[in-house]
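Colleague: Quick note, the sequences are listed as chains A and B, same order. Mapping to this note's numbering: the first sequence position 57 is 57, numbers consecutive. Mapping to this note's numbering: the second sequence position 257 is 257, numbers consecutive.
Treat the hints as calculated values from the structure; they're not laboratory data. Please note that the accuracy of each hint is not assured.
Partner residues are not named here, just some residues of chain A that face chain B (Cβ under 10 angstroms, in silico) [unchecked claim]:
no. : residue
1   : T6
2   : F7
3   : K17
4   : E95
5   : A101
6   : G186
7   : T251
Idealized CB from N, CA, C, for every residue including glycine.
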Amino acid sequence: MSGFSTFLGKEFTEIRKTWRIWVIPGMLVFFAITSPIIAQVTPALLGSMAKSQPGMVVKIPSPTWRDAYAQYLKSLSQMVLIAVVIAGAGAVSGERSSGTAILTLTKPLSRAGFVMAKIVSQAGLLVAATIVSSAVCLGVTVGLFGAAPLEPLLVAVSIWTIDALLLTIVMTLFSAGFASRGASAGAGLGFWFLTLLISIWPPANRYSFVGLISASGRALGSQPVDALWPVATALIAGAACALAAIRVFETREL
Amino acid sequence: MSDAPAIEITRLVKTFGNAVALDGVDLAVPEGSVFGFLGPNGAGKTTALRILTGLARPTAGAARILGQDVSSAGNAVRSRIGYLPDVPGFYPWMTAMELVEFAGRLFAIAPATLRERAESLLEMAGLSDVRSKVGGFSRGMKQRLGIAQALINAPSVLLLDEPTSALDPIGRREVLEMIASLRGRTTVFFSTHILADVERVCDRVAILDRGRVVANAPIAELKQRAAVDRLVIDVDGDPATLISELELRPWLRSVDRKGESMTLAVSDLKSAQRELPAAIAAAGLGLKRLEAAEVSLEDMFVELVHRAEQ
């Protein structure tokens with residue numbers, strides 16, 4: 001994969017110097033700060049609404065760190081994954097349409113190196129931003145609720161991160177396969193909805209990567225979570241999609 | 001310098017569905033030469049260059065650069081070529097220096113050499129004082145930056161697709177002088193539809209029309225070949241009757257009349273030179289001038305493309 005490290009360096013510089021530094025990291029930090037706050041004020045909000053309705057009595061238990069983490073995970077599993085799809089849609093197709101793929105691929109940079117640098121840079125950004133935002137979420141939760149354990153958040157967010165990384169690789173595959181950013185975004189959203197739909201079927205949820213989201217939610221419960229099958233199948237699917245992305249891009253004419 | 005051609009294209013075919021972009025192209029570009037690849041829009045020039053750079057694959061036939069098949073050699077070829085596409089794409093957030101240095105790092109050029117070479121190339125491109133981002137560059141500035149990045153690895157073969165099309169006259173002259181200065185050291189293969197550029201710097205030219213090479217020779221030879229086919233005649237009266245009579249002759253291909261002067265394109269020069277004076281006299285005209293025409297590259301280009309269409 002000649003030229004890989006140079007191109008990867010360009011990718012990280014591009015993240016630092018363009019809008020890419022703000023989108024996913026910005027969203028993650030925003031949800032890390034707001035989720036514990038929302039968890040804390042939600043009972044008070046519902047209570048005040050109930051008071052305005054004569055005869056209605058709403059009994060809501062006091063919020064805990066678990067509610068703050070659950071709110072944070074809910075935001076990650078919905079809004080952030082959609083952002084991963086949109087941001088990843090132009091990873092390869094954007095370089096093709098702007099002509100910059102021609103600039104780099106007529107030099108000693110292999111197409112495999114090009115695709116892998118795209119995957120590694122996006123994954124690096126996602127993992128780094130998730131670590132920072134989760135630390136922020138932990139800090140805000142401790143600040144609001146007094147005490148919050150690290151382990152449930154760590155396990156839940158780790159499982160979610162594997163799901164987000166798989167989606168990043170799938171988006172790179174779609175971006176290598178489709179000429180336009182819009183088409184790959186459409187395919188990515190279709191894939192995401194399909195996995196949500198399939199996850200309703202219990203065997204698929206237990207034995208395949210579509211069960212990652214529910215496994216990350218269960219990690220916040222009091223029982224230990226078994227996510228071996230979803231994690232193992234996600235790793236296999238991720239490797240297969242990365243190889244497919246390379247193969248697809250190698251067969252494309254520019 | 002070896003006798004083997006720097007670029008060798010053999011029976012190259014490229015189709016897109018039913019459309020034939022290249023139809024059995026054969027070409028050999030001598031090492032160290034400045035080679036013009038001429039053709040009207042849609043002739044297949046960019047397709048040929050995309051195949052040479054490995055961006056596209058041939059449907060049939062082969063293309064070799066410095067003895068290596070471009071379809072399979074990969075980095076072995078790419079490390080020795082420089083390429084400027086017709087519409088170069090750059091990262092808009094980079095400065096010119098950042099872009100040229102990024103291009104150089106892809107070739108694994110040592111940092112000290114790279115800095116020195118980048119500064120020198122940006123100086124040549126007239127961009128050494130420009131500190132703004134590439135996204136704000138004019139098309140001409142981008143074209144000059146494209147040439148600078150294409151030269152960062154001191155390539156053995158430089159492939160340029162319409163390198164002067166977006167430049168003003170001064171920029172064009174500078175680029176052509178730069179191309180001419182590479183003669184003997186680097187093989188320059190550039191596609192263009194600007195005939196004056198080819199005439200100014202090229203040693204040899206190939207003319208492509210509808211995916212076929214209709215001519216491939218040194219410019220002087222092509223001009224000579226075209227010149228003997230043309231005769232200029234001045235007569236002292238209305239040549240209408242004479243033209244009607246000449247159109248019956250089997251050796252006459254076409255007549256271009258301007259007043260009492262005519263330029264004849266002929267297929268058999270000797271027969272034309274023998275029969276013309278008698279025909280002029282028979283038409284009651286006096287002969288003022290009869291000579292072989294000076295042919296410009298433009299005349300030759302139009303003639304060859306017209307012939308290929310027929």
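Colleague: Does each hint hold? Answer for all of them.
Modeller: Verification of the supplied hints:
A least Cβ separation of about 4 angstroms between T6 (chain A) and chain B falls short of the 10 angstroms threshold, and the interface hint therefore holds. Interface hint status for F7 (chain A): upheld, as the beta-carbon distance to the closest one in chain B is roughly 7 angstroms, under 10 angstroms. Restraint check, K17 (chain A) versus chain B: the minimum CB separation of about 5 angstroms is within 10 angstroms; hint holds. Look at E95 (chain A): its Cβ gets to within about 8 angstroms of chain B, closer than 10 angstroms, so that hint holds up.
A least Cβ separation of about 8 angstroms between A101 (chain A) and chain B falls short of the 10 angstroms threshold, and the interface hint therefore holds. For the restraint placing G186 (chain A) at the interface with chain B, the shortest Cβ-Cβ distance is roughly 24 angstroms, beyond the 10 angstroms limit, so the hint is violated. Interface restraint check for T251 (chain A): the shortest CB-CB distance to chain B comes to about 9 angstroms, inside 10 angstroms, so the restraint holds.
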